[in-house]
Structures are given as structure tokens and as C-alpha cells.
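> So the protein lines, in turn, are chains G and Z. Using my numbering, the first residue of the first sequence is number 1374, and each one after it goes up by one. Using my numbering, the first residue of the second sequence is number 0, and each one after it goes up by one.
Do not take every clue at face value.
Mimicking SDA-like on lysine to any residue, the simulated pairs with C-alpha atoms at most 25 Å apart in a straight line are [unchecked claim]:
1) Z:Lys56 / Z:Arg30
2) Z:Lys131 / G:Asp1921
3) Z:Lys159 / G:Thr1928
4) Z:Lys131 / G:Leu1908
5) Z:Lys208 / Z:Arg239
It is worth saying that the hints were derived from the structure and are not from the lab.
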Amino acid sequence: MADRVDAVREALALMDAQVARAFPGALAEHFARVCHDLAQAAPPGAVLAYARHAPAAVPFVGADAVLAMAGAVGEVARAAGRHAAIAFAAAAPAAARVTRDAPSFAGWVGAIALLAPSGAAPVVAVLKRSESLLEDLGATGFARWIQEGLRATEAAPERRAAFFALEGDAGRGARARAAGEIGFAELDRQLGLFATMLWGEIPLLQAAPPDADGRQRRASFAGTVIRLPPAFRGVAARDAANLYRAAVAHVMAHLRFGGARFPLGGLKPLQVALVSLIEDARVEHLARRELPGLGRLWLPHHVARRDGALGAASLLARLARALIDPAYDDGNPWVEKGRRLFAEAAAAWHDPAISRQLGNLLGNDLGQMRVQFNPRTHVVEPLYRDDNLGLWDFGDDGASDADAAALPRPARLESDAHRPPSPDAREAAGETDRIQTGRIQTGRVRAVALDAAIGIPVARYPEWDHLIRATRHEWTTLVEYPPPIGDALALQARLGRRQALMERIAALIRGARISRPVRLRRQAEGEQIDLDAALAAAIERRAGLAPDPRVYARTERHSRDLAVVLLLDASRSTNDLVPGSGRRVLDLEVEAAALFGRALQRVGDPFAISAFCSNRRGDVRYFRIKDFSQPYEARTERRLAGLDGRYSTRMGAALRHAGAELALRDAYRRLLLIITDGEPSDIDIVDRRYLVEDARRAVQDLARAGTDIFCIGLAGRGESDLARIFGPRNVLHVDRLETLPESLAKVYFRLTGT
Amino acid sequence: MMLADHYMTAEPYYRAVGDEIALFEAAYATRMPVMLKGPTGCGKTRFVEHMAWRLGKPIVTAACHEDMTASDLVGRYLLDAEGTVWHDGPLTLAVRHGAICYLDEIVEARQDTTVVIHPLTDDRRVLPLEKKGELARAHPDFQLVISYNPGYQSVLKDLKESTKQRFSAIEFDYPEARVEAEIVMHEAGIDAEDAARLVAIGARSRHLKGHGLAEGASTRMLIHAGRLLAKGIAREAACRVALILPITDDADVREALSAAVSACL
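Taking the hints into account, I'd like the entire structure generated from these sequences.
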């Protein structure tokens, strides 16, 4: 200890002058004390580094912030070692220079301290870049990036260093997000609401696939589907929302005021570009007649100037601006001619043909001016405008592609590639940082991971044989498997789009939460007078008797006392597509379970979610998605998203297990809700009725033990089976997902309500 | 005179949008119970006040809430120095003295509360005061009017079938743009152009009903925004204060609304 303190003294003597400048008067003493305290916690090298570099940071962020940093240096030294602490102290002046104020600097300090427990490598990697990161992301973005990185690598700390060294896509992607470059994922819902309000139609918004050639993607539309780039690169976070709104508003204007697609005919590329440009201006003008404020959304993006070059790109951009910005004065005869012709046609703006006519005319002029136009490099300007491919009819190929894309979103086919594998699966494949994996590879890896998961046999259950009319004891083995973890982003996005449903459920739930008030009479205390008791007391007093003092009444709400298990059928048959929707039965189940889970979490009723499938009687698989004791959280949804339809449906055993679990709950009412596609089966059973009868038996046994069982049949198949198993009054068939949450809520009321 | 305070002293402004005045007058002529259906803030209460003024009858209003008991409507014994004394509730008051009794947002009341109005709404026209052991016969001028907002949570809150079927119903909705602008103009004291803008915003916000908003901006909200405009508040600020912030707590919806309102202005 003594030599540490000596080392500090020595260093302080060396840097006396510098310190005196940075910490005048009483602050110098404070600084010495801070250094001394730090020497108790950190090795001399770190203390020296702090003492040497701290004064340089003071002019930017003030002495207090720098003094406060000492604690974090000690923490980093303890958690990540001497080197990290030295690098931390050394990076302080640069960080202070960029952050420029005490709170931001403290944000940087806090973020580094947060990272320290991950070890030296990530800390040093981040500190190496902290200046440029701070410049790009700001202190808040920096902290957000650190947090996201910690979260993303939670399951695989060995990837943390690579993430923070920006070596993989994950780290860079997160950095882009923290910088606010990626926007569509965050803005999806907001943009939908924006367009719905303005145009009264719910737009079909999709993120466009990432661009292969590295060029910035534009918005585009095909039919009524609007594709937006996942991010507009180089656009600051605060401008991104407006840019997306401008893009959506522009496409909505096309959809509202555009006509049929223009036939391509024999038009030259330049003419196509010009017709598109005129059409853009035409629909924008029409939209602004109704919504004048849109001009303020669009105009700031028009930055073409009259002193631009005389190339086609510049002239087109200037024409685009001249057509929509009345305050813009160009002076180029061609641009002014375009503006004049367009203005003269104002009476005919409602007719898309005008765009074609003017576009051709101006195209010819431009051609005669011998202006070079390169269709390969041509991009529509400004940034918010779509690529205009949706305006043109390219013949059969393009049309069929567009039609496929024009499927309304709820019916969109989700390919496997959209469902990233679980982290385990990714590791199994030896992948490090890639988020998008190939489709085939993903499928294979998933299968391996699932089978490799070790299940634990937890119980044996009897089975009812309807032929011999006897129970086969200990006939099935129930094996609990850890639920596979999936990526809940797609699920959460879908739930986000179901906002209207969520609100409807929330309204129903709000009612459920308020349980029926009960009036308690003859109380010693209460808010109201119990009139009968008061009268009796008054009479008794007049009669000279001792009155009963309990003359008050109060209203109390009886608390809800119930426990619910939601059991999901995850058998192979749930991989079937729901007729007419293009989505799997399991997707509907998972979505419904998530909606239900979110709602129940709000009511506060204890509930559990499990899923089951079976592979012969010796392996009835049971996945605990959420236990009673766990909160419903993001992890729960990841487990839900990880479900995959496999094997068969031995419903009886799963019901018995869920019922046994429920029986342990000390609740007045126990409710077992099962969502299934309604075909009990297993490969070791030939007799179709066998499992139906067994499930029926299980239901009867549980009902006798006081558990209410209700079945929700999805996709409306196997109706007679379900009615047979659960009783016709305890089955609800749901064909469309839209009605599922409401049906769930109704069931919930019927079984738990007042 | 009893209920002197319950007469409308001045004509409440009401802009008829259809034949609702004639319908109501006809219903009143036969003392038929009337149900006014429609979303919040579309003018139901104003209408019934206007009709009370037009018919020259007093009006007794009771706002229903979920803890409302039958005795809140009918009346109750209260204690005083001498013992107990009966106090008429609003409904009994209207029944005895011949007022229009207006039960606002009747669905909010508990269903066991609403059944007390049953004997009043058929040809018996009596109100049994069970606690008091009295059968109050309705004054010839008495009429019962209820308002009812068939919100989308009607699974939860709905009138009993036996209650519903005792009423005739007049349906209200937000008026068409031209009429709504006229109303906003009159009530807020702003010019036609501003009123038309506000109404356009209101109409668009109603697109979001069920998609982020439980209801769009009501005529009442538009009038609030208009009144702020009349006090010199800038348009965007007035819309934000009177339309956007009250209607939603959801940050996404608020952002979208702000952007959309700004696009309308």
C-alpha cells in the first residue's frame, strides 16, 4: 500500500503545474483526495494514468465530472484489469472534447463502467474508437449501443469482443441503429397510423430487402404494397422520421391519385424518367390540395439549385423542384418550360395522361439539347420519392412479380429465412455473427438443435383404452424439454400491427380486472352509513338499549382467484397452412398466445403457457414456455417464437400433465385453455378414435377434479372430434385470427367473469 | 316552484342535422322513453338540453357511473337529529314534478341499477320506492331519456335486452363536414376557414378509430381546439393541446397524429 501511495505522490509532484491549472484552489485538494482514494482501489498504473490525463479533460466538461470519473476508473480496474483502466483514463480527454458537457461525459463514463465486467478486450476495443463513436452516436447513442451489445451477446460472451470491435455485422448494425440510421423497424407502426389517418386506408407497409449492390434503396410500391428501405443511410435520427413520412405520403399520393400503370410502349429511358417525374409532381399537387401541410414535409428534401451542372441528373432534379416549389426560381429555359407547361395543365391534373404527354414533350426537348442521360446510374431525386417502378407496366414478368408481392400483409408467406435460428442453433453451425442465414441451412440446424436438446422424463400418465374400456396405467411418459429460443422480432412486429386487437382485448381486460363490488353491511368502519343498522341502532337507543355500534357499510371488490394454463398444440399438423391465409396454424397459435399473455400479464391473473407434441407414448414432449412464477416478458415471446410444429398430438397425456400442474395451484378456480388444430394422433396409434377417447377421458377426469377445460379449435377442422373430447359447449371454433383474441376474451369471461 | 333551477334559461345552441327534433317531439308527445345513441362528444347532451328548452320542461340530469346504486337514482333515507328523513333522488324528483330525466352514459351504471327504470318505461309509469313503501306515479310531463355510447367494448358493457327494448332510439354521429364546420365556427367563434381545417383534421383522426385510437376527435374536441385558436394560440399548438395530447398516451400514436395534423394544416 505504501509504495502505491508513494507512486501517486511522485506523479502528483511531476504534474503539479498542470493540476494546479485544472483544479484551482480547494479543488486541488479534492483532486488529491480522489487520487488517494483511487489508489486504494486501483493499481498504481491506473492511478497515474488518471492523474496524468484527468486535468486535460477539465476544460471541456468541468472539474466535477472529471473528479466523479475516478470511481469508475477504480471500478474498471477492478473488473477489467489495469490495462483497461489505463486506456479508460487515457481516453478521457478525447471523450471530454467530443462530449463537451458534463452529463454527456458522465454518460460515456457510465457506459464504459457498464461494459467493464465483460473483461478487458471489449473495453479496450471500445475505448480505441470511443472518440469516433461518440462523434457519430452522441453520448446517448453510445450508451444505447453498449447496452444493445451487452444484450445481444448475453448468451455468448465470447462474441462480445468481436461485437464491440465492430468486427461483425451485428456490432456494425447495432451501431447504425444507435446512430438512428435504421428506421423502418422503429417507425413501422407510426407510419401506418400516419397514413391511415390521412388517407383512411391502412397501408400495407413492408421493409424492403437489403440492397445487394450497396446503393441506397428507395421506397417502392407494387399494387397496394409499399416497400420502404430498412434505413436511409446517412440521415440523422431526428430527420429519419420525417423522411419516412415524406416517402409514405408520396407513395400514398400515387395510390390515391395515380391511374392504371403506364404501358411502357416504346418509350426511351429518359422519357420514362420524365413521365415519372411529372407524375410525381402531379400526384403531389393533388395531395397538397387536400393536405396543404404535406408541402412542408416534401419541400425541404428538394435541394437542387439553379447553379447546378447541366447534366441530365441535375436538370431532372431542378425540374422536380421547380414543379413543386413555387418559390424556386431556376432560369434554365428547359426547366422553366416544364414548369410553365405543367402549370398550364393544372385543370387536367386529375388525369394521369397529362404526365405522359408532358413527359414525352420534355423528353424530346432534352434529347435535342443533347444532354447525356445514363439510365444505369439514374436515381429518382429527391430521396423520399419512390423508384417509380410501380408506375409502369413492364409486361407479364414484372406484373406477376408485383401481383405476388401485392398479397395483403396478413396473408404474406413467411419463409424460414425470416425466422432466424436460436443462438444455440447458430453456434452449432459454427456461425459467429451473421444474423441472416440461408434457408436450407437454417432448417437443418434447427432440426439438429431441437433433437439434441435433452428432455427430462418427469411423469408417467395413464391412458384410457376405449376398446377394452380400461385404463392402461403408467402408459405414457411425459418428457419436458427446454423450449427452443427463437427470434421474437417478427412476432412482436406482427403483434404491433395488431394494435387494434390489443386495444380491444385491453378494454375487455380492464373490465375483467375490476371485479364485482360487494357491499359489506354492519361494519364497525366504512365509508357509508348502513341505513338498516343505523335505524336499528337509533331504535335501540331510544328504547334505552345498548346500540350495536356497527352501523357502517362499505363496498369492496372481491379479488379474482384463479389460475390459468394455456396449452398450445405444437404438433406437425400445426405446420399446415391455414386455408386462405398462407400462414401456419402454429403461427396463429403463437400470436394468440402472445396476445393473451400480454393481456393476462396486465390483469395480473397467474397463468402459465406450455406447448406439447408427442413422439409415441414414451416421449410426450412438453415445453414450458412460461411458468406461473415467471413474469411474461420478452424472453417468453422468444420461446413462443422458437416453437416449431413437430411430431404428433397425444392430447390426453399433455392435458393430464397441465391439469396436474394446475392442481398444485391454490386457487378457487382452475382453468385449462387448450388451443389446438384438433386432430389427436400419434404414429404408434392406428385407431383414430383411441386418442380421441383417451383425451375425452382425461378431460372428464380433470373436470371431476374441479378444473375447467376449454378448447379453442383453430382452422375449424376436426370439429366433431373436439366436441366429442371437450363437450360441445366447451369448444370454440375460430377460423380467422381476427376473431381469436375476442373469442379468447369471451371464453375468459364466461369462465372467470362475474 | 319545484325544479326551478332545472329549466333552461337560454336557448342552448343546437344545429339539427336531420329530423331528430321532430322525432323527439313526437316521442315526447306520447312520453315515449328515448335513447340517444352515438359516440362521445357528438352532441347528445346538448340535444336533450335543447329539446328541454324547446318543450319548456325542466330537465334533471344524472351522470351514471359504475358504482351507482339504485338508491343514488331513486333516493334514500338520511339521518338527522329526529331520526331518518327521506330524500328523493334525481329520478324520483323528475317523476314527481314532471321533468325530463336524462340519464347520461347509462351503460356505465350497474345493470341491477338500470332495472329500476323499467316500471317507468312501460305504460305503468310508476316508480316503486321500495325503501319508503311508496309507489310514485309519474307526473304527466315526465319523460325518460338515456344516452348510450355503443363503444366497441360492448361485450363488456351493454344494456340488458329488457332495458333496450323499452326505448325508442335516435342515432347520432359526428355531422358531415359542412355542418360540423358550422357548429365549430359557432361554438368556438372562429372563421369558416379555420373551422373547416379543424373539421378536416377531426374527420381524418376518425380514420384511426380502432387503429390506435378508441375514438377519433369528437366535435367537442374540435370546438376546444377552435376556442384556443380564437384566443390567439397557433394552429399546431392548439391542435396539440386540444386534440392530440388528450386523446392518446401512446407515443407512436401521438407522433403519427402530430405529423398527420401538421400535414393537414
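> Would you list, in rising numerical order, the hints stated earlier that this structure does not obey?
none
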